[in-house]
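K.L.:
Required output: the full structure, derived from the provided sequences and hints.
Quick note, the sequences are listed as chains A and B, same order.
When you line the first sequence up against my numbering, it's residues 1 to 346, in that order.
When you line the second sequence up against my numbering, it's residues 1001 to 1346, in that order.
Since the hints were made in silico from the structure, they are not lab data.
Source: prediction; values computed, not measured.
Careful, some of the hints might be misleading.
[Claimed, not checked] Which residues of chain A face chain B? A partial, calculated answer using Cβ under 7 Å:
#1 L165
#2 S168
#3 G172
#4 V175
#5 Q250
#6 S295
#7 P297
#8 M302
#9 L315
#10 V318
#11 T319
#12 Q321
#13 A325
#14 L328
#15 E329
#16 L339
[Stated by the list, open to error] Mimicking PhoX-like on lysine-lysine, the simulated pairs with C-alpha atoms at most 25 Å apart in a straight line are:
#17 A:K317 - B:K1327
#18 A:K176 - B:K1023
#19 A:K176 - B:K1029
#20 B:K1146 - A:K29
#21 B:K1291 - A:K265
#22 A:K327 - B:K1317
#23 B:K1317 - A:K317
#24 A:K264 - B:K1291
#25 A:K257 - A:K317
#26 B:K1209 - A:K29
#27 B:K1264 - A:K265
#28 A:K317 - B:K1023
#29 A:K29 - B:K1176
#30 A:K176 - B:K1327
#31 B:K1115 - B:K1147
#32 A:K264 - B:K1147
#33 B:K1327 - A:K146
#34 B:K1176 - A:K327
#35 B:K1209 - A:K317
#36 B:K1137 - A:K29
#37 B:K1029 - A:K147
#38 B:K1029 - A:K145
#39 B:K1147 - A:K2
#40 A:K277 - B:K1023
Cβ atoms here follow ideal geometry from the backbone N, Cα and C, with glycine treated the same way.
Number of protein chains: 2
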Amino acid sequence: MKYKIGLIGCGTVGQGLLEILDKKADDLKRDFGFEARVVAITDKIKGTLLAPGGIDIKKVLAILGAGKTLDAYKPGKKPVAMHPLEVIDVCGADIIAELTYTNIKTGEPATSYIKSALLNGIHVATSNKGPAALHYKELREIARKKKVQFRIEGTVMSGTPVFTLFESGFAGNAVKEIKGILNGTTNFILSKMELDDMGYGDALALAQKLGYAEADPTADVGGFDALAKVVILSNVILGGDIRPSDITPQGITAITKQMVVDAKKEGYRYKLIAGTKREGARITAGVAPQKLPLSDPLAGVMGAQNALTFDMDLLGKVTIQGPGAGKLETGDAILQDILAIHRDLR
Amino acid sequence: MKYKIGLIGCGTVGQGLLEILDKKADDLKRDFGFEARVVAITDKIKGTLLAPGGIDIKKVLAILGAGKTLDAYKPGKKPVAMHPLEVIDVCGADIIAELTYTNIKTGEPATSYIKSALLNGIHVATSNKGPAALHYKELREIARKKKVQFRIEGTVMSGTPVFTLFESGFAGNAVKEIKGILNGTTNFILSKMELDDMGYGDALALAQKLGYAEADPTADVGGFDALAKVVILSNVILGGDIRPSDITPQGITAITKQMVVDAKKEGYRYKLIAGTKREGARITAGVAPQKLPLSDPLAGVMGAQNALTFDMDLLGKVTIQGPGAGKLETGDAILQDILAIHRDLR
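P.N.:
In structure tokens:
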């Protein structure tokens, strides 16, 4: 089957998705009978490109790679000046990949884009934590009514399968508790403090230098990024209905090198653990540093990796560990969602 | 949708599946629109039961739990004397769960049962390593021609998702290498040798006492069980065409307590690693003890747990850790296969 795909947002993840769609086109056709045509790309900074007949992905990647805007795609032509909502309306896409920046306070403007696409009967795949953490139930309900899918694999652990794993691999299990390491930056900092004997400040500076942490690292080190993800897991997998504002996360800023060293001597290791648990109708979720025994599967997760342990009635504990960020890794999360939509329609 | 299910073999795994189908009937109907009616059970020791209208699962579990045979289900009636191939022919099942004992040399009689079911247009789910390790390509080809599914989730790591994970979660990735801990018994023995300071003989005796190891432990400690699983992974996931007889496994019988202690001092840990790798058209697979650095995600896997690391082009390394055996755990693997068949037909 052939799908028309529109990209709202074309930063790192969008370009990762384009790279994969280009490089894997033959494999996807052969293995899954899946063919994609990118019909629209719109980005706040890089401009807008519409091509109902299909965009030349290699050309777009070369233009963006050279630091130019999408206006360079059709030289001499007047740049397209169109609001993303208008692009969604007119581009004729079967699937919208919503890849704009995350606003965890309001979920906007991404939520409006997603809502508009779903109401137009267009499937949506997103890696944006804002809409998923704040408006999942509403958006899923619109999708259900419109008989389309709203998929969010990339919002937690990038392309490491979480929601697909739950849907297919754990089918039949009741999940009692989920806990894990959902922020690679803080895990990198804690790993450096223990393995390379660095202080918190030096480890943070290194994380910033390597591009793991932002200039303002609050979202990561304050636990807010992990919190958004654990809220998504609570609502999507445990069927809860909580908001990030319901929980005060505890970050890693109070963890000193001495604490890390002392824990190590006792056979423990500090990890920033995000967890959520169902007891009857009640969901208890939180984010806080924990001293784990080295026998815990999460204790061995070092560097920028992420991991998640599901505790279930039939299978007991199953842990998945993998990347939590990255261009191709998150681009692949969007591809997984698109292929899941394809599997369902096939 | 409603499915008629037949069980060929009703030992631990079969009874685990029945328990799950009974306990989860309402959940499966509500969450997936899935309903099952068990129409046949046949077992070498426990006898045969046919009931086109559906078998009372609770009653069967009570009978088998009390150590009786299936003849006790219809007291006063003449026991059914029927060959499993005949049961497959007449029972009218849509799905056969093939759960007889594993013969890793010939794959029989399971392979004949599976072939007959597939040729009759019946889907098959099995946890039997014999047919999967020896005849996967042939059986998959019959299934393809007959437009039914041949599924094997339970053959590797019981219900911890391996094949479902590959199909759905890793879609779009090329898998370069798979390696892991695929035998819980040997991992239990190695863990006991390190953590509880036991010699190989004592640790093996404890594993036997706890029911992890057989009276003749060769299949486990000689690496043959892990070998069968790595052959399955090679053929199913890497598209290879190898046989267990192509590889000589190296087990853990030569690992001494001193070696374990010395490795620990150097920051390493012995694990029985089963691995397979694709380089061009060539598959290299093997089973041998390896000294892993403690930073390897597989080094932290202790006790009877299993784990598998997939190395892929887009996602890099993803590791899944979970149970590798057990009644409900393997019963759930069969349920996952059945639900995958349902997803495809829905």
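K.L.:
Each hint should be assessed against the structure and marked as holding or not.
P.N.:
Comparing the hints with the structure gives:
| no. | hint | in the structure |
| --- | --- | --- |
| 1 | L165 | 6 Å, holds |
| 2 | S168 | 5 Å, holds |
| 3 | G172 | 5 Å, holds |
| 4 | V175 | 12 Å, violated |
| 5 | Q250 | 25 Å, violated |
| 6 | S295 | 6 Å, holds |
| 7 | P297 | 5 Å, holds |
| 8 | M302 | 6 Å, holds |
| 9 | L315 | 5 Å, holds |
| 10 | V318 | 4 Å, holds |
| 11 | T319 | 4 Å, holds |
| 12 | Q321 | 4 Å, holds |
| 13 | A325 | 11 Å, violated |
| 14 | L328 | 5 Å, holds |
| 15 | E329 | 6 Å, holds |
| 16 | L339 | 5 Å, holds |
| 17 | A:K317 - B:K1327 | 15 Å, holds |
| 18 | A:K176 - B:K1023 | 17 Å, holds |
| 19 | A:K176 - B:K1029 | 20 Å, holds |
| 20 | B:K1146 - A:K29 | 23 Å, holds |
| 21 | B:K1291 - A:K265 | 23 Å, holds |
| 22 | A:K327 - B:K1317 | 15 Å, holds |
| 23 | B:K1317 - A:K317 | 20 Å, holds |
| 24 | A:K264 - B:K1291 | 22 Å, holds |
| 25 | A:K257 - A:K317 | 31 Å, violated |
| 26 | B:K1209 - A:K29 | 52 Å, violated |
| 27 | B:K1264 - A:K265 | 16 Å, holds |
| 28 | A:K317 - B:K1023 | 20 Å, holds |
| 29 | A:K29 - B:K1176 | 20 Å, holds |
| 30 | A:K176 - B:K1327 | 20 Å, holds |
| 31 | B:K1115 - B:K1147 | 13 Å, holds |
| 32 | A:K264 - B:K1147 | 56 Å, violated |
| 33 | B:K1327 - A:K146 | 41 Å, violated |
| 34 | B:K1176 - A:K327 | 20 Å, holds |
| 35 | B:K1209 - A:K317 | 24 Å, holds |
| 36 | B:K1137 - A:K29 | 22 Å, holds |
| 37 | B:K1029 - A:K147 | 20 Å, holds |
| 38 | B:K1029 - A:K145 | 20 Å, holds |
| 39 | B:K1147 - A:K2 | 23 Å, holds |
| 40 | A:K277 - B:K1023 | 22 Å, holds |
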